[in-house]
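A.B. asks: Assemble the complex: chain Y is given as a structure, and chain F must be docked to it using the hints.
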Amino acid sequence: MVTANVSDQDLLDRLQRAAFDYFLHETNPTNGLVSDTTRQGAPASIAVVGFALATYPIAVERGWITREEAAARIGVTLSFFWNSSQGEQSDATGYKGFYYHFLDLQTGKRTWTSELSLMDTALLLAGVLTAGIYFTEISQSENEIRELADALYRRIDWPWAQDDKSSLTQGWKPESGFLHYGWEGYNEAILLYVLALGSPTHPLPSISYPAWTSTYQWENIYGHDVLYAGPLFIHQFSHAWIDFRGIRDRFMREKRSDYFENSRKATYLQREYARRNPHNFKGYDQDCWGFTAGDGPCVSTVGDDGKDRQCSGYIARGVPFGPDDGTISPSAALASLPFEPAIALAAVRHYLTRYPDIVKEGRLPSGFNPTFSGRGTYGWISEGHFGLDQGIIVLMIENYRSQLVWKLMRECPYIKKGLQRAGFRGGWL
Amino acid sequence: MQSQLLPPPSLPEIHDRSTLLEEPTSTAWHNPRPAHQYNLVILGGGPAGIMAARSAAVLGAKVALIERNRLGGTCLNTGCIPSKAILRTSSLYADMRNAEKFGAQVPKDIKVDFAAVMARMRHIRARLGSRASAEALSTLGIDVYYSAGCFTARNSVAVDGQILRFKKALIATGARPLAPAVPGLNETGYLTHENVFDLTECPPRLLVIGGGPLGCELGQAFCRLGSKVTIVEKEPMFLSQEERDAAQILSGALARDGIDVRLNTDAVAVRKQGNEQFVDLVSDDYRSTVVVDQILVGIGRAPNVENLNLEAVGVKYSCDSGVKVNDFLQTTNSRIYAAGDVCLEHKFMHFEDASARLVVHNALFWGRERLSALTIPWCTYTDPEIAHVGLYVTEAIRKCIPVKTFTVPMHDVDRAIADGEEEGFVKIHVKEGSDKILGATVVARHAGEMINDITLAIGSRLGMDALARVIHPYPTQAAAIKMAADSYRRTRLTSTRKWLLRRWLAC
Chain Y
42 MVTANVSDQD LLDRLQRAAF DYFLHETNPT NGLVSDTTRQ GAPASIAVVG
92 FALATYPIAV ERGWITREEA AARIGVTLSF FWNSSQGEQS DATGYKGFYY
142 HFLDLQTGKR TWTSELSLMD TALLLAGVLT AGIYFTEISQ SENEIRELAD
192 ALYRRIDWPW AQDDKSSLTQ GWKPESGFLH YGWEGYNEAI LLYVLALGSP
242 THPLPSISYP AWTSTYQWEN IYGHDVLYAG PLFIHQFSHA WIDFRGIRDR
292 FMREKRSDYF ENSRKATYLQ REYARRNPHN FKGYDQDCWG FTAGDGPCVS
342 TVGDDGKDRQ CSGYIARGVP FGPDDGTISP SAALASLPFE PAIALAAVRH
392 YLTRYPDIVK EGRLPSGFNP TFSGRGTYGW ISEGHFGLDQ GIIVLMIENY
442 RSQLVWKLMR ECPYIKKGLQ RAGFRGGWL
Chain F
209 MQSQLLPPPS LPEIHDRSTL LEEPTSTAWH NPRPAHQYNL VILGGGPAGI
259 MAARSAAVLG AKVALIERNR LGGTCLNTGC IPSKAILRTS SLYADMRNAE
309 KFGAQVPKDI KVDFAAVMAR MRHIRARLGS RASAEALSTL GIDVYYSAGC
359 FTARNSVAVD GQILRFKKAL IATGARPLAP AVPGLNETGY LTHENVFDLT
409 ECPPRLLVIG GGPLGCELGQ AFCRLGSKVT IVEKEPMFLS QEERDAAQIL
459 SGALARDGID VRLNTDAVAV RKQGNEQFVD LVSDDYRSTV VVDQILVGIG
509 RAPNVENLNL EAVGVKYSCD SGVKVNDFLQ TTNSRIYAAG DVCLEHKFMH
559 FEDASARLVV HNALFWGRER LSALTIPWCT YTDPEIAHVG LYVTEAIRKC
609 IPVKTFTVPM HDVDRAIADG EEEGFVKIHV KEGSDKILGA TVVARHAGEM
659 INDITLAIGS RLGMDALARV IHPYPTQAAA IKMAADSYRR TRLTSTRKWL
709 LRRWLAC
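Just so you know, the protein sequences line up as chains Y and F, in that order. Numbered per this note's numbering, the first sequence finishes at 470, counting up by one with no gaps. Numbered per this note's numbering, the second sequence finishes at 715, counting up by one with no gaps.
To be clear, the hints were calculated from the coordinates, so they are not data collected in a lab. Since this is a predicted model, take the numbers as computed values, not measurements. One or more of the hints may lead you astray.
[Stated by the list, open to error] Computed list of lysine to aspartate or glutamate pairs in EDC-like fashion (alpha-carbon distance at most 16 angstroms, straight line):
no., chain 1, residue 1, chain 2, residue 2
1, Y, K214, F, D493
2, Y, K214, F, D492
3, Y, K296, F, E640
This is chain Y alone, in the form it adopts within the complex (with noise of 0.2 angstroms):
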């Protein structure tokens, strides 16, 4: 992709847009399931069903598709996971009105004996909701988008996945019950807690929120106070949902801060951190950032500096502790568009200079490390694209340019709701 004398605007407009085919493409049109990964055999994701059902209206708005086609879509996946089997059964598609984490993209069921995700069924559930608020005329298809949308927020029983405690849960399998993983410190549960205590139905006591948050971690590094967590994608993914701009819960009137600065400051940490380089890793400068959850090399265990190298695969990478293998991930820097836009797309338009070869279908990968060989001259590139990288890149993207997601939810009463409950003040609120 050719970078040098293209606007910033219509160099967004072209990532933004392929980042929107990947769902255009990876959809079962028969039940709506979008596929985790353009690579074979992929199941289908959840959260990336979320994202997918998000992107519909901004398509809309774009002139990239008719609202027709968007409701036609959003009308075959809600009503896909309203007819699908809940139960207790190990290939269910859910329990509880949760969702398993990844489901059969043909047959809905659950599959990779993954986990009943609250994290993911929140991500669903958002874009469900999305979806709900933006398409409000009056037609069968858009009656029924936004009663399936409320039939599914409702259905789930949230207080059932605290286990008998205080926070929520990770998630839970048939085979051995709840997981032992918590959620302490700091992450990107916020938009789950939000959607948890908004529910009018099966609502999580307020009490649930101050549990998790007096988990949290203030922290100067690097000179910046911040609310801290390593990987950048925590400081993102809440945030394409919710416009977190002036409004505070307890933690952040009293830190005097709110989490859309919290994630500027973030942004910066990863800059920082990439600037000093402590690994030695080939590419980082202040330019050259990224490390989120995504995609990295695991094919050998030296570099092509000669050096004995660790390699990781698909795992959530972070500043300024680690893990860190060398693996940018582009998708990173790019959703930090509407927190720094100078530094995010001087950031991006490094990528497509120094290393064109990452861009295949005019879309970035998950992930990119010149230290280690690949396919590239550049080094190794994720092979295809990740739905959850393309969705956060369209919708941040987005709230950049026109704020439409953060505008449509902030019309969302459970989100609403969920928040005030929380104990989030002011600002749009």
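C.D. replies: Below, chain F alone, put in the same frame as chain Y:
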């Protein structure tokens, strides 16, 4: 996974342990005739008991020290000292294998001489043990009794058929390893810290059950000495009480060493086939079996409260938490105190030491020193080391103390970069709106040394301003502490202050 109190079975091929020891045993000692009355009778000759005996004797007290097995207790014989000795050798081997990272050539054909490693450990143990010998203690005027003792009345103890009368007594009987109730484990046999240092050969394959300090330290050491090590920990993180970043850095370090890290995993069955041990593991719905040559268990320690006749003298205790004491380390019998692992939640040698001194002061001199007033750091001596003092952030939040952490990654510290030891951080937790230091965690190759600066600051009620004024020699890794304090001072330079300073300095 439930735990149980069982003595570990002996290794079937173990030599006469006395040949592995270089210090004299109890069989060579003759117990003295008891004095008419002792100021202090101490049950237990481990670090707490010995420290109390020495402290009291030096001050002129008549002291009796009763030990049923070996003076020096766990720390000297089967804990801190032997483990640190082999940790040192193991880290040397790791550095040799990583020589290229330091600009050096990796030696050809690195071979671990396990016998030499253990011989060095035993020599060090014997050298340090001489300070804790019965002869050395006797020269201080301490009456040493080698035998099991128990209370016979509120002011007397029976030992070796004799009665010792006391004004005050100290229970310092320590603790012993817990073992998980895993079917087949007892039958197949396993190692604990009590017998792992008796090994004469490095196990080719070692399973470590327990991702606490012992399991992580020895697991890493044995891996570096040539074992293929698997560590099984039932929690989602190692060192579950530590900061999450610390645990994650450690997890990464152990994996880089080649250890098979199995978090969120339980060992559920063990069986032996020939000389091999087959261990079934479960992690949520994932089941697997590992085949190993030895199993090392490190899931905690239980206080030695049995056979002391505590009930008869009104000393309350529990088998889980040990002897019940108040903040002055006094038991429910006002003449009897307790110190060390038998009553403390945190079983560290230096804590035993401090508690013993406190008991001597309180028991013999009407002192009112409180255990809660002590500033006790601790350290897990993995590579990198993880050290902590004071409050964790979650503890501060539970106490409704607003807290801010000043973090300095070691990759920002010049000496750490020069040393090639950049893994880790210094995190100092400060009460917001003040410079009061609430606590700190250090992860670094020398964290155990570095934590002392901050321990001194907390214990002496010095804040971040004072730490920032401490001049550290350059370059040192401990300078990271000053860097954190300097970060604090920079945050005090508010925009208003900057404006005022600019006005002052304007020409």
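A.B. asks: Each hint needs a verdict: does it hold in this structure or not?
C.D. replies: Taking the hints in turn, this is what the structure says about them:
no.	hint	in the structure
1	Y/K214 to F/D493	holds (8 angstroms)
2	Y/K214 to F/D492	holds (8 angstroms)
3	Y/K296 to F/E640	holds (10 angstroms)
Hint compliance for this structure: every hint is met.
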